[in-house]
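*Asks:* Next come the chains, spelled out residue by residue.
Protein chains: 2
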Amino acid sequence: MRTRRDNKDLAFVEINDGSCLANLQLVIAGDLLSSDAFKAVATGAAVRAVGALEPSEGQGQKWDFRVREIEVVAPSGPDFPLQKKRHSDEYLREIAHLRPRTNKFGAMFRLRSECAFALHSFMRERLFFQVHTPIVTGNDCEGAGELFRVSAAESPAGAGAEGTSPSPGALGPYDAFFGKEATLAVSGQLEAELLAMGLGRVYSFGPAFRAENSNTPRHMAEFWMLEPEAAFFDLADDMSLAEEMVQDVLGFLLENRLRDLELFDRFVSKGLIESLGAIKSRKFARISYKEAIKALSEAKGVKFAFPVHYGADLKTEHERFLSESYARGPVFVHDYPKELKPFYMRLNDDGETVAAMDLLAPRIGELIGGSQREERLDALEARLKELGLRAENYWWYLDSRRWGGAPHAGFGLGFERLLMLISGLGNIRDVIPFPRTPGNLEF
Amino acid sequence: MRTRRDNKDLAFVEINDGSCLANLQLVIAGDLLSSDAFKAVATGAAVRAVGALEPSEGQGQKWDFRVREIEVVAPSGPDFPLQKKRHSDEYLREIAHLRPRTNKFGAMFRLRSECAFALHSFMRERLFFQVHTPIVTGNDCEGAGELFRVSAAESPAGAGAEGTSPSPGALGPYDAFFGKEATLAVSGQLEAELLAMGLGRVYSFGPAFRAENSNTPRHMAEFWMLEPEAAFFDLADDMSLAEEMVQDVLGFLLENRLRDLELFDRFVSKGLIESLGAIKSRKFARISYKEAIKALSEAKGVKFAFPVHYGADLKTEHERFLSESYARGPVFVHDYPKELKPFYMRLNDDGETVAAMDLLAPRIGELIGGSQREERLDALEARLKELGLRAENYWWYLDSRRWGGAPHAGFGLGFERLLMLISGLGNIRDVIPFPRTPGNLEF
Numbered sequence: 000m001r002t003r004r005d006n007k008d009l010a011f012v013e014i015n016d017g018s019c020l021a022n023l024q025l026v027i028a029g030d031l032l033s034s035d036a037f038k039a040v041a042t043g044a045a046v047r048a049v050g051a052l053e054p055s056e057g058q059g060q061k062w063d064f065r066v067r068e069i070e071v072v073a074p075s076g077p078d079f080p081l082q083k084k085r086h087s088d089e090y091l092r093e094i095a096h097l098r099p100r101t102n103k104f105g106a107m108f109r110l111r112s113e114c115a116f117a118l119h120s121f122m123r124e125r126l127f128f129q130v131h132t133p134i135v136t137g138n139d140c141e142g143a144g145e146l147f148r149v150s151a152a153e154s155p156a157g158a159g160a161e162g163t164s165p166s167p168g169a170l171g172p173y174d175a176f177f178g179k180e181a182t183l184a185v186s187g188q189l190e191a192e193l194l195a196m197g198l199g200r201v202y203s204f205g206p207a208f209r210a211e212n213s214n215t216p217r218h219m220a221e222f223w224m225l226e227p228e229a230a231f232f233d234l235a236d237d238m239s240l241a242e243e244m245v246q247d248v249l250g251f252l253l254e255n256r257l258r259d260l261e262l263f264d265r266f267v268s269k270g271l272i273e274s275l276g277a278i279k280s281r282k283f284a285r286i287s288y289k290e291a292i293k294a295l296s297e298a299k300g301v302k303f304a305f306p307v308h309y310g311a312d313l314k315t316e317h318e319r320f321l322s323e324s325y326a327r328g329p330v331f332v333h334d335y336p337k338e339l340k341p342f343y344m345r346l347n348d349d350g351e352t353v354a355a356m357d358l359l360a361p362r363i364g365e366l367i368g369g370s371q372r373e374e375r376l377d378a379l380e381a382r383l384k385e386l387g388l389r390a391e392n393y394w395w396y397l398d399s400r401r402w403g404g405a406p407h408a409g410f411g412l413g414f415e416r417l418l419m420l421i422s423g424l425g426n427i428r429d430v431i432p433f434p435r436t437p438g439n440l441e442f
Numbered sequence: 000m001r002t003r004r005d006n007k008d009l010a011f012v013e014i015n016d017g018s019c020l021a022n023l024q025l026v027i028a029g030d031l032l033s034s035d036a037f038k039a040v041a042t043g044a045a046v047r048a049v050g051a052l053e054p055s056e057g058q059g060q061k062w063d064f065r066v067r068e069i070e071v072v073a074p075s076g077p078d079f080p081l082q083k084k085r086h087s088d089e090y091l092r093e094i095a096h097l098r099p100r101t102n103k104f105g106a107m108f109r110l111r112s113e114c115a116f117a118l119h120s121f122m123r124e125r126l127f128f129q130v131h132t133p134i135v136t137g138n139d140c141e142g143a144g145e146l147f148r149v150s151a152a153e154s155p156a157g158a159g160a161e162g163t164s165p166s167p168g169a170l171g172p173y174d175a176f177f178g179k180e181a182t183l184a185v186s187g188q189l190e191a192e193l194l195a196m197g198l199g200r201v202y203s204f205g206p207a208f209r210a211e212n213s214n215t216p217r218h219m220a221e222f223w224m225l226e227p228e229a230a231f232f233d234l235a236d237d238m239s240l241a242e243e244m245v246q247d248v249l250g251f252l253l254e255n256r257l258r259d260l261e262l263f264d265r266f267v268s269k270g271l272i273e274s275l276g277a278i279k280s281r282k283f284a285r286i287s288y289k290e291a292i293k294a295l296s297e298a299k300g301v302k303f304a305f306p307v308h309y310g311a312d313l314k315t316e317h318e319r320f321l322s323e324s325y326a327r328g329p330v331f332v333h334d335y336p337k338e339l340k341p342f343y344m345r346l347n348d349d350g351e352t353v354a355a356m357d358l359l360a361p362r363i364g365e366l367i368g369g370s371q372r373e374e375r376l377d378a379l380e381a382r383l384k385e386l387g388l389r390a391e392n393y394w395w396y397l398d399s400r401r402w403g404g405a406p407h408a409g410f411g412l413g414f415e416r417l418l419m420l421i422s423g424l425g426n427i428r429d430v431i432p433f434p435r436t437p438g439n440l441e442f
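Line order of the protein sequences matches chains Y and R. In terms of numbering that gives the first Met the number 0, the first sequence opens at residue 0 and continues consecutively. In terms of numbering that gives the first Met the number 0, the second sequence opens at residue 0 and continues consecutively.
Bound conformation, chain Y alone (with noise of 0.2 Å):
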């Protein structure tokens, strides 16, 4: 029960089962308003009532139900903490095992879920198949990031089965479940390198993780990743990938769920289905980095709190102003100076850059970075050991190419960010029903 109005002969009780924005209004009538049942209908208390739907007299709804017997199946009272005023997203952070009964976050868990679902249904369309790659993984992923380490907690503490390896050589920390490091996935990419080899296309959709300890709106130690892989795909065809999925997907909000658009382009940025709609219906720009330096270094009444200059990381003031002021919509940057980027991307014929691509959003910066992937095993064995790595940790990664490594390209997609996009909402803890971050673990 979402609200109620009390007048001398008549009442009307507002419901919603959450399927939707829209609540069913009740109509009572007559010796129910004085009965104990009717009563105890408060706020936030779940309800059954038995009647019949009529055409509406009133304003603001095709249909009332006029209720013959209503009865209250879970109470509710005065101290409900959602009441009917506008309530702060950071209070509501605080109950986030309320707050998906509220009109915005249950508009918001409606889109999240749709979102998922269009994404999934896209892929399937373009052929590629859903895998599961690892979670926990014994991966080196050198120069990855912050990891989080797993261990099994039965593990005798202090009893060597936990700490420094006993393997003389092994490095790192040593879990004695799983018998070696074993750590959360920073990205399912390189097993679903590996499943590309074998189904064509594939995709993974799971969750992913960074122990970074920075409190920002737009990052999370938990969030969800769409990634998919392709065999015999080259970058533009991988950039045409994320293109056609982004705007499919916003396609099929727009379609299907626009009511719950509406409220977040009423109430929390005004113009976003506009906008939406603009970025559905319009080709992504394409510019390489040295371009995108170019127009950076140039860039009229800008003052930048990180000066660029070729061989500087973009940072998320130039990514908003490369995809907001310079190309007004979202923009592919590809083409990176290889310093810049991770060990398994293509080396291009300058030997400089590597064939990469981020696609950068209105709002967000960020949204999908992929690249073609280094599929000679000289170029790539040779890329390792620039790098330092040790290429006895990739040797499943590297027989990938020893025998019949097609050449192939994918993507990663912060599906957080996308309903960052999608929600206007400002702060990523917003768009998950339970965010983890520094510090916070409840619910």
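The hints are simulated quantities; they were obtained by calculation from the structure and are not laboratory data. None of these values were measured; they are calculated from a predicted model. Just to be clear, a hint being listed does not mean it is correct.
Same chains, same label: a pair holds when it works inside one copy or across any pair of copies.
Unchecked claim - In silico lysine to aspartate or glutamate, DMTMM-like type, Cα no more than 20 Å apart, as pairs:
1. Lys279 with Asp30
2. Lys7 with Asp247
3. Lys38 with Glu351
4. Lys179 with Glu93
5. Lys302 with Glu290
6. Lys179 with Glu145
7. Lys83 with Asp398
Based on the hints, put chain R in the right spot on chain Y.
*Replies:* Using the frame of chain Y, we list chain R on its own:
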């Protein structure tokens, strides 16, 4: 490239792009036969061929591809580990990075993908929203079995950052990143319940973890689970949903991936397709735990390793007897003694049993476990106390009952168990690309 057959004037090369079981047959003739490019076409290589699709004159395929040009895009060699003989499942597990390139595992992972999609589609048609519940949790999860602990890898070891919590009174190990004990989720159920109170019907589909140090063909440390949770569902609704879901998915796969299923029918489990058809079309039996114990006690000519009596937990041998011999098909066992089940299941009016159900399937044993949840605040608090669980750890779960906690029910489907049922494969390690079990963390 899968195989080649060289004749004097004509050669046949089978290629496969991973999208289905069938190969495409390339026909090579003339000068090409003696070219270096064609000589390099070895099993496992990736090739590019230009030519024309023509109606085949040969047996076993409708089309041939008559080749004008051929090129090896990525070479292979005689040391390619997948040669044209039958390899054992054990050997293929050791080269899990290559096994997706075999007929069997290609078919398996296509079935896995389509099975996941079928589940998503079914849930959506039933108006369930997909939710993502947390993987890293701070839930106490007392009594939930062996847990994996999570800690930020960069915490300075031995500096109090990890180890016993510095705050007095708090128990267990402590992670500096989250500020409390962090573990990998064994289930998303409790959080899904919170979301069902807002969205009505929800389901999660994600990874779950058990640090059980047991090597059986039916258990893994990391597996995937689908967990629906629906407001206003009782136990009978819950069983109907489970039954219709399993039947719907089997129907989808029989219709959409019959060729892949035929491989398993032929090489893995004779009669598989017929047995899946029977499960799809026959109503599942429903018997109470009491009836199940009676049936097991009266079983003729069967000797169980574990004797049964009222109050005993059902072992795999019992589960298989009930589904294979007694019900001759999937069977729900419902209303278990409360001592056998977790705290959150709804106490029946007899005060002794809870509204639980398990779906037992032939060959598999337990496929699904679910229950109506205890929605009554006082009953739930009493049960927590009875079991010695600390109510303060469940404040948000109790809150969901405090205000409008509608009756609801849900279940957990072991995705890999379902895939074992579908494929006939007897080892759970063969239905997931990269299995995680004690001592196994490769890839």
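*Asks:* Which of the listed hints are broken here?
*Replies:* Violated: hints 1, 2 and 3.
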